[in-house]
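> Here's the letter readout for the chains.
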Amino acid sequence: LALALSRPRGEDNIISEEEAAQYDRQIRLWGLDAQKRLRGSRVLLVGLRGLGAEVAKNLILAGVKGLTLLDHEQVTEESRRAQFLIPVDADGQNQAQASLERAQLLNPMVEVKVDTDAVESKPDDFFFQFDAVCLTRCSKDLMVRVDQLCASRNIKVFCGDVYGYHGYMFSDLGQEHHYVEEKPKVVKGSNEANDGPEAKKGKVDPNETTMVKKTISFCSLKEALEVDWTNEKAKSSLKRTPADYFLLQVLLKFRTDKGRDPQPDSFAEDSQLFLQIRDDVLETMGLSSELLPNTFVSYCFSEMAPVCAVVGGVLGQELVKALSQRDAPHRNFFFFDGLKGSGVVDYFGSK
Amino acid sequence: MRTSLLSPLDQTAACPRRRNAEPTMAQLVGPLRKELADSLSSCRVLVVGAGGIGCELLKNLVLTGFKNIEVIDLDTIDVSNLNRQFLFQKKHVGKSKAQVAKESVLRFCPSANITAYHDSIMNPDYNVEFFRNFQLVMNALDNRAARNHVNRMCLAADIPLIESGTAGYLGQVTVIKKGQTECYECQPKPTQKTFPGCTIRNTPSEPIHCIVWAKYLFNQLFGEEDADQEVSPDTADPEVAWNPADAAARATASNKDGDIKRVSTKEWARSTGYDPVKLFNKLFKDDIMYLLTMDKLWKKRKAPLPLDWTEIHQLESSQEEAFGTGLKDQQVLGVQGYAQLFHRSVETLRSQLIEKGEGAELVWDKDDPPAMDFVTAAANLRMNVFSMNMKSRFDVKSMAGNIIPAIATTNAVIAGLIVLEALKTLNSDFDQCRTVNLQCCSFHAQHNFDGFPNNNKFLSDFGIRNGSRLQADDFLQDYTLLVNLIHSEELEKDVEFEVVGDAPDKAPVSSVPEEGKNIANGNKDSAQPSTSSKAAAEDDDVLIVDSDEEPSSSTMETSLESSNRKRKHHDADTDDAASKRKRLDQQPADDDEDIIALD
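Chains as they are written, first to last, in our numbering: chain F, 62 to 412; chain C, 27 to 625.
Calculated from the structure, these hints are not laboratory results. All values derive from a computational prediction rather than experimental measurement. Any given hint might turn out to be false.
As the list claims (entries may be wrong) - Distance condition first, Cα-Cα at most 20 Å in a straight line; then the derived SDA-like pairs of lysine to any residue:
{"#": "1", "chain 1": "F", "residue 1": "K283", "chain 2": "F", "residue 2": "S403"}
{"#": "2", "chain 1": "C", "residue 1": "K116", "chain 2": "F", "residue 2": "E172"}
{"#": "3", "chain 1": "F", "residue 1": "K300", "chain 2": "F", "residue 2": "K314"}
{"#": "4", "chain 1": "C", "residue 1": "K121", "chain 2": "F", "residue 2": "L286"}
{"#": "5", "chain 1": "F", "residue 1": "K275", "chain 2": "F", "residue 2": "K314"}
{"#": "6", "chain 1": "C", "residue 1": "K60", "chain 2": "F", "residue 2": "L400"}
{"#": "7", "chain 1": "C", "residue 1": "K450", "chain 2": "F", "residue 2": "K294"}
{"#": "8", "chain 1": "C", "residue 1": "K450", "chain 2": "F", "residue 2": "K126"}
{"#": "9", "chain 1": "F", "residue 1": "K401", "chain 2": "C", "residue 2": "S454"}
{"#": "10", "chain 1": "C", "residue 1": "K117", "chain 2": "F", "residue 2": "L166"}
{"#": "11", "chain 1": "F", "residue 1": "K244", "chain 2": "C", "residue 2": "K60"}
{"#": "12", "chain 1": "C", "residue 1": "K116", "chain 2": "F", "residue 2": "E78"}
{"#": "13", "chain 1": "F", "residue 1": "K126", "chain 2": "F", "residue 2": "V149"}
{"#": "14", "chain 1": "C", "residue 1": "K450", "chain 2": "F", "residue 2": "T356"}
{"#": "15", "chain 1": "C", "residue 1": "K354", "chain 2": "F", "residue 2": "L166"}
{"#": "16", "chain 1": "F", "residue 1": "K201", "chain 2": "F", "residue 2": "L166"}
{"#": "17", "chain 1": "F", "residue 1": "K300", "chain 2": "F", "residue 2": "K275"}
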């Protein structure tokens, strides 16, 4: 299946008066240029549970050109209760399909599409039609594969999940991500040394700002997840390392081994397995089980709605930043602990 | 204030022998322990505001498992809300936010029990009894007056309050619990920025000065005249030193139609039939020439350059009206363009006045096109006179309308944090509450009347002594009081105090139009209640943090705050006031943990 490889990048984008009225409050924040770039961007979103629905909402409201909702799973009572896009009578339908109508109504100016295939079944070039991909509820192998495919083609890659009270976001914006930052313009005073504060040059506006160009590089997901903890340098940084990084590793392994996330229905059995996997994973890394005390377990089931909101908000905003190429992106993980109410940005991978 | 969530595993962790015991005891309902899930479905919560934070909050509450929710908002839906208030669609524009929010939420959670009020929370119907119905109140407001009000009601009813605010990329969440934390009004909040009269009238140096001037001009010509909103040259400017020899020059330069000092701007305008060309020449030529005679002002400043209507239109018309690929509002016109805009808007506003009849007054509203056109034109013409780069209508509107930029994601994150705090707050009922004597607002009069722990203390305990002055306002914020305390040995038996002096008048008529103007100006930070149900007003949520990063547009003073009639707020600018703010040691260290500032 040959797909067009050209992706409109915001040139020739004319914002209509209708869009200007609707996007007014955000244009006043990130500017017209950023809005135009958003308006030319196509995004793939995989997984429409609690976190996926939040990201979908945030991107649709922001005004991307197109958003493809991809999910092969069916709506269950539990999945329906986790998000706000699926109607009450949709049990049994495809999750992405069931979310479509309400998602589209959020902003008719965005092209919202549905894909009911399993993401694992997609050929490489499927991903090339997008400017950014956001993967939720995906296996580690799939995420690593897609990340490798996309990053080299300047397609921005994001991963994220929420498990109970915890959540994370990862981004790979490629080796060379260019962006701009708005900085206040430095106003030079007039030449006369005796002048008081009122003496300004006639034409200078102290409120003016200037755009500064920057470039930043990201490492791959594979690198980020395969940090070597056995060397001395890594060991010394362990104290500062958020436990959530290790929790993520354990949960990804659970997902790979069981083909699903821990479920409340099988709390006892899943908790046991979780603790065992924790032991295995940490031992393989050469680390102590004490990094993740037993207490973590009961707070990792299902998806906490407010945690989806927080992680979905951060993830959504990072997508907006990356697509609009404006403002410094988080690099490269964001971890959120809903029990403590604390969020932290941290970098894992080669410097 | 931090309470730990109970968990069966906490019990095992507390008991060393069972540290690694099997976690078989927990019963989960989705992600929550069963006890917590049950308590959520029975408790009642109040959400004040159904805008940016409110929509996200309602969604989070029902998805988390809260069942009984009441939501109140006096506003109606505007198209500019749709980029973030996701419970609303274009077809809902004009309808009640609270009502539509309720309907939208019920569509994905029909079992939720939601009551919606299209009303102001400051309506006396919502008394302390009303607040006592709830286990928790959450603010999702955009103005200080309402926040102050809800703060007081929650203190009076002894209900925990979760306060929050957002602006752009910044946001904040704070939990307020009587007896445990300081309240919303304990800390003085930044007041609206104001500019000195002479800066506005004589020596503007920034676009904002010109914009404020243009808004004053609107009121002087078409709205309610205000003595603190003069637009004519200020002869009382302390920088100007009067020199008798200048008198002749001034006389020549002054308006042909009479001594501008004796006739009000409005009267003068009337006398010319609101002739736009005459108005233009007076404001941008004659008055400027008058300013030029005050030569001390221009020794170190670039002098203003007067404009003349006829001369402007004789210039070659430049590419001002080039339409390019831009949006209309984003264009910056030239002098001719703004002169034309001035002319058109004056004529339109004049017609509006005539239509309204004798004695009519217009209220400035950023969403009223001719009003916004007028300010855009007048401000830009003045900027041009004072050699500043002119601004697009888009930029002028930001500043004139105090528009606070807003996006969905910041609100989504903050609303998520609010619910997490809500869970912790509610859960504290299971734990022993720490008994802490955290004094809160010890000098707010109402606390002494409802049995607050202060009753057994002496005034001297708070640093109050003979000759102290207390600044206070009443519960409903109707009065500003300055109370002088004089010690007396001569009071009658059993008389503890005597009030001497005139009973204060309620703030005069100005309070009503003052509110109106402030609403229309989108000036939500002025602590005036937004009572308009038409709500042409700006709906954006306001950051309540004392932050240097607060964008200048949100701290702009454009309206009546410079007035001496302004109700004073808790400025805490006396040493006495500062010492009264007793805060126990417990506090600040823990405080920040409940707050996340996001960038």
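> Decide, hint by hint, whether the structure agrees.
Now the hints, each set against the structure:
{"no.": "1", "hint": "F:K283 - F:S403", "verdict": "violated, 26 Å"}
{"no.": "2", "hint": "C:K116 - F:E172", "verdict": "holds, 17 Å"}
{"no.": "3", "hint": "F:K300 - F:K314", "verdict": "violated, 23 Å"}
{"no.": "4", "hint": "C:K121 - F:L286", "verdict": "violated, 50 Å"}
{"no.": "5", "hint": "F:K275 - F:K314", "verdict": "violated, 37 Å"}
{"no.": "6", "hint": "C:K60 - F:L400", "verdict": "holds, 17 Å"}
{"no.": "7", "hint": "C:K450 - F:K294", "verdict": "violated, 38 Å"}
{"no.": "8", "hint": "C:K450 - F:K126", "verdict": "violated, 40 Å"}
{"no.": "9", "hint": "F:K401 - C:S454", "verdict": "holds, 15 Å"}
{"no.": "10", "hint": "C:K117 - F:L166", "verdict": "holds, 11 Å"}
{"no.": "11", "hint": "F:K244 - C:K60", "verdict": "violated, 50 Å"}
{"no.": "12", "hint": "C:K116 - F:E78", "verdict": "holds, 15 Å"}
{"no.": "13", "hint": "F:K126 - F:V149", "verdict": "violated, 29 Å"}
{"no.": "14", "hint": "C:K450 - F:T356", "verdict": "holds, 17 Å"}
{"no.": "15", "hint": "C:K354 - F:L166", "verdict": "violated, 28 Å"}
{"no.": "16", "hint": "F:K201 - F:L166", "verdict": "violated, 33 Å"}
{"no.": "17", "hint": "F:K300 - F:K275", "verdict": "violated, 31 Å"}
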